[in-house]
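Novice: First to last, the protein sequences are chains A and B. All letters in the first sequence, in the order written, are residues 1 to 517 by the numbering used here. All letters in the second sequence, in the order written, are residues 1001 to 1455 by the numbering used here.
These aren't lab readings, by the way, just hints derived from the structure by calculation. Bear in mind the structure is a predicted one, so any value in this text is a computation, not a measurement. Treat the hints with care, since some could be wrong.
[Unchecked claim] In the DSS-like style, the derived pairs of lysine-lysine whose C-alpha atoms are separated by at most 30 Å in a straight line are:
no.	chain 1	residue 1	chain 2	residue 2
1	B	K1357	A	K79
2	A	K92	B	K1357
3	A	K79	A	K92
4	B	K1091	B	K1002
[What the hints assert, rightly or not] Just a sample of chain B residues kept apart from chain A, beta carbon distances all over 12 Å, derived:
no.	residue
5	V1090
6	I1146
7	P1236
8	A1240
9	L1339
10	I1350
11	M1365
12	H1387
Every residue gets a Cβ at the ideal spot worked out from N, C-alpha and C, and that includes glycine.
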Amino acid sequence: MRRRVTLLYLLAALAAFAGAARVQPELLRLRRAFHLTQADPLENMPPIVAFTTVALGGFRGLLVDALWMRATRLQDEGKYFELVQLAGWITKLQPRFASIWAFHAWNLAYNVSVMLPAPEDRWRWVRHGITLLRDDGLRYNPGSAQLYRELSWLYQHKLGQDMDQAHFYYKRAWAEEMTRALGGERPDFDRLAAAPRDLEALRAVPGVAELLAALEAAGFTPPYDHVLDADPPPEPLATRPADDPATRALLDFLRARRTRETYRLDPLVMKAVDEAYGPLDWRLPGAHAIYWARQGVPFARSRFERISLERSIFQSMADSFLRGRMVENRELGYFALTPNLALYPRVRQAYLDALEEFPTDDSIQVAFRNFLSDAALIFYTYNLEARSREIYNELVQRYPTAAVPGGFEGYLYNLWQEYGREASPGQASFFVESALYQSHLWRALGDRDRAAGYARMAQLTWHRYMEIRKDPEFRARTGLPPLEEMDRIAQQRVREFIEQARAAAAEARSAENPPNP
Amino acid sequence: MKRVLAIAALTVRAAIRSRVLAALTALLLTAVIGLPLTIRGDGTAAGRVQILLAYTMGAAALVLSISSVWSGCAAISQEIRDRQMHLLAVKPVRPLDIWLGKWLGLTAMNAVLLAFSAAVVYGLLEWTARPAAIGAEERAALDEEILAARASARPDETEFETATREQFQKELAAGRVADGTHPQEAYRAFRHLRRVQFYAVPPGALREWRIRLPVAPTPDRPIFLRFRFAKSELTPAAVAGQWFFGTGDQARLTTAGEWPPDAFHSLALPAQPLVGEREIIIAFGNADPSGATVFFDPDRGLEVLMRAGGFAGNFARAGLLLLVQLAFLTAVGLAAGTLFSMPVASFVSISLVVLMKLSGYIGEMAGQRHYFAEAGRTGPGVALADHLLRLVFRGLRAALAPLDLPNVLDLLASGRLVAWGSVAGAVAIHLALYGGLLAIAGAAVLRRRELGLPS
């Protein structure tokens, strides 16, 4: 009798387990769908996380306290070599606590980096912060809007802004990495997405097996990752034509793999982001700030989280408009960022979207007003007066207090004067560059006096701006590039503008007088 | 001595027979070789070497420390429980011989295991820093800053102390100390303030400090000035200034620059102009245009580092210091094992070790005057309770303070000198004094303990 009862219990337990196993996937799906947990349930949990979260139980807290105290002490003593490991342990002991990840990434990228004098050392720590969030934090908390926002902030502020003395170094280093990974400012997203997923599939492409054999003979062994970093490119690649299918397949494969595995970027998502907010220069941190903020939006569960992510997007876009065009001269060691005028409609739309969703949020209203104000002046200084006037009209229509007695010209004059006094580095840069642009444009149009006037204005502004930056640290961080180099860029822009105007005129002419069939 | 050696040999043989030695060797090997494979450094060669030194030697020291306490506790208490001690006690050996023999056997075993771990770590270190793995520049920096034994010196505060005491006496005599304030507490606060001023440099001012060098500079090795300061403005902007180095009133070297606050900075100075000098003057001129006052951290903010020896010697001395600590832990375990059964002995020993680790906190508590009263308690018993607690903390501090040792692995990983003096001091205090007391106490207990009680 007793045995039968035991058997009955066992059978009941077995049935309950089977039932639970059947219901579990559906429950997990519903948890995800309704955002019932802070993060998605983890599958295939790494052993270290499984061990720390399950086996250590309540003792985790004590261990974390001890590690945290050690990290604080070492940081205070200027001994940074253990901090990456300690941050890794502390976060993995509480892997689902998003704020811990955010704190440690911030600590490494902001607090530790500025303790080091050399830009390359600082950059290493900024990268440690980024990788901690991107590679581990988001892996264990794939549904945490906070972590997406923090990662976006690191790109937008730490790399994109000019608060750090070494910000130019970061921007350059990041641009170099991205150029190697993506092949240029605007990768072919479709080709990256369609690239072979593994070496087997790659070898199946005609001609690739021979190419890989040649690379191996040249010292590039599987998984061939260093091919992308080789400068100059490996001989087997350099000697083939650029449109060689095998070369293209290999480069697409390597780039797609690095994009996905190292930088955790999905080419199709990049494409969607670029279509929604671009055209973006993917070598610049702004594009990545937008990418990560956009990825976090579906996981925002509160108004605050949603606004934070939207703000990251439109602020990064506004930054990209102001400084979203990269100019680099490797020979001269020169690197600068100038306005990306093509982004204007998308940035405006991003603000409008945010305002539609949060119509009463003052910070978005103020940011949009400032953006319109900057845009009106930038377009005007690039000799696009009609566009500038259109933006000004929108500005005063939306924000009537912006109107001044002098109308459009009066407003721009006041703004010009204001910027001359308290310009941010980005504003000062476009202020000088646009004056130089006007100078070259008027010279091309034959008005030499006017051209000389603009050139004088550019010189005056450059010197006045740099004069008050006597402190070398402040100068290095917020100073402008050499005037000669800015002049060269402006000249190049005018040349491009004239070529475009000529091409458009020729097209119009040919449209008016179509060739006889 | 023969008897002690014979018992030591028996202890080692028992450890080998019970496979304790083999298990420990395997555990150490796993820790020493496996750990570096899982630890992430900061991405630099220096970071890798420091991690290797701190973590692998740290892991070996931890394993051996636990095994020392545990095997010390077990060595006598288990033998008493298993009636094996009878065989030894009835022989013509004194209880002190038994105690010392056990201790020597366990310490010898620790010495072998520690030497084995150290040899593996040293090999790994050489392999990590081999010329093929790191650049010549990185290797040179490693040799200069980490794989070295650098002695440090801080500003001489003798004159400052004398002047501060005299000034305080004047303040006291003038009645400028608030009524009811304990003179010692008032002096502590007064000294703290003066010390902050001693290390502060107002804008446009120049302040100098006298430093006695630990060794005479050699012409081919640079001297490093390591400094850190805070500034009176809450901005991260660097502070402009100039350093002066020299002897007497003569500044022989000057270095101008800008340094951000709150970070450690290191300046390498050519030693040539200072060769033969044992006392130098360093001075800092604050030329910051923003007008910020600079405050050097009085405890760690200003020090001179200079090479006083090679890494191999330092590594060996660090190993010796670790061995002394292990030998002491063995003695603690043995003494506890003589007095109690195995579980109780383990608990007592671990409690003592924890107490030693908390010596810093105990020292702070001993310096406090009120405990219950400070927590808002009132009543007739509060003063008495405070007094008793103060006595307990002071007693503990007096007992534990001599056992405080510098963190030898931190010293090693930061290229700091582990001095022979520290090793000799540890031998004298940990082994001769405390170890001797534990041995005498253990032998006395063993002499009186009834070994034949029915279980």
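Novice: If a hint holds in the structure, say so; if it doesn't, say that too.
Specialist: Hint-by-hint comparison with the structure:
| no. | hint | in the structure |
| --- | --- | --- |
| 1 | K1357(B) x K79(A) | holds (21 Å) |
| 2 | K92(A) x K1357(B) | holds (27 Å) |
| 3 | K79(A) x K92(A) | holds (22 Å) |
| 4 | K1091(B) x K1002(B) | holds (14 Å) |
| 5 | V1090 | holds (46 Å) |
| 6 | I1146 | violated (10 Å) |
| 7 | P1236 | violated (6 Å) |
| 8 | A1240 | violated (8 Å) |
| 9 | L1339 | holds (29 Å) |
| 10 | I1350 | holds (15 Å) |
| 11 | M1365 | holds (18 Å) |
| 12 | H1387 | holds (32 Å) |
Consistency note: the structure conflicts with the earlier hints numbered 6, 7, 8.
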